[in-house]
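Please construct the entire structure, taking both the sequences and the accompanying hints into account.
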Amino acid sequence: MRRITAHVLSAAGAGALALSLMTAPGASAEEQGGKVERHPAATTKAAQQKVIDYWTPERMKNATPRGQVRENARPAPGGGASAEAVQVAPQKEFGKVFFTLGGSNYVCSGTATQSTNGDVVTTAGHCLNEGPGAYATNFAFVPAYENNNRPYGTWVAETLITTNEWKNSGDFNHDVGFAVMAENASGQSLTDVVGGYPIAFNLGYGLQFDAYGYPAASPYNGQLLWKCSGVAGQDSRGTTDHRLPCSMTGGSSGGGWITGGKLNSVNSFGYRGEKDVMYGPYFGNVEQTVYTTAAAS
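Mature numbering (1 follows the signal peptide of the UniProt record, and there is no 0) puts the sequence shown at residues -29 to -1, 1 to 268.
It should be emphasised that the hints constitute simulated quantities derived from the structure, not laboratory data.
Computed from a predicted model, the values in this text were never measured in an experiment.
Note that the Cβ used here is the ideal one computed from N, Cα and C, for glycine as well.
EDC-like cross-link-like pairs, simulated, lysine to aspartate or glutamate; straight-line CA separation at most 20 Å: (1) K198 to E55; (2) K233 to D181; (3) K198 to E117; (4) K198 to D247; (5) K63 to D181; (6) K233 to D163; (7) K63 to E117; (8) K21 to E154; (9) K63 to E154; (10) K198 to D181; (11) K32 to E117; (12) K246 to E55; (13) K16 to E154; (14) K246 to D181; (15) K63 to D163.
Per label pair, the in silico range of CB-to-CB distance: (16) N118 to T14: 29 to 35 Å; (17) N120 to V57: 19 to 25 Å; (18) D24 to V202: 43 to 49 Å; (19) P122 to E55: 23 to 29 Å; (20) K21 to G209: 40 to 46 Å; (21) Q20 to Q179: 41 to 47 Å; (22) Q58 to V202: 17 to 23 Å; (23) R243 to R30: 26 to 32 Å.
Set out below in structure tokens:
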């Protein structure tokens, strides 16, 4: 998750991020930024094997939790409840995301997502693009990760896609990204092996969510899957995001929010000075357009 000074949910110090307030949930991707970009990642078998070889246990262990923290635009209403995350057993649809940005190795969380191509991982936009800036390299997904065990292997992205709003201006209203994973050595698609959550859009607010992730910043160590549960409110400080009491930290960014058995947001950011609350983007028309592009890639 990122904390908005926003904080980037990061163990290492991250620069303050300005909140960009741009689109309402119902605006279309075409209206806001034109054609959705498919960014090529590891597009050949040789390049994909190179990414698998790159992510040694030591590199995975030492990857920096990436998250976002934001400065409060104005004080939060009320006292603000907190919700302690609870450890849960590994689930094959959830996993850790590893990638390189600006020469540094980072870790986030992600969710295998049902799609036409069977290859989509949903995560936060800031886990695959600097927002604005460069795309990640060495992007890999490890389903059901636990204490460095990789029961379903390491999957490598061949295409990275995020919203134009995130890619062009770091707009937290649309901090979501989709990675299209290459087939494994046996020619299987990701969701053929691990399954995936269906994704839903424009469900409204006030939903009951289970939010999952692999928090790695203190007091967590990134080796286990955790979950926060509760009814989400709406951010009252300028974004269109959902607001969920949750104690997860950096490394949980990109982890899926599940409601009614469907993926409907991801761990995105937290406000500096507001303890144990995370925010997740509203999945509206913009997100649906970008997902549709990823699902058909």
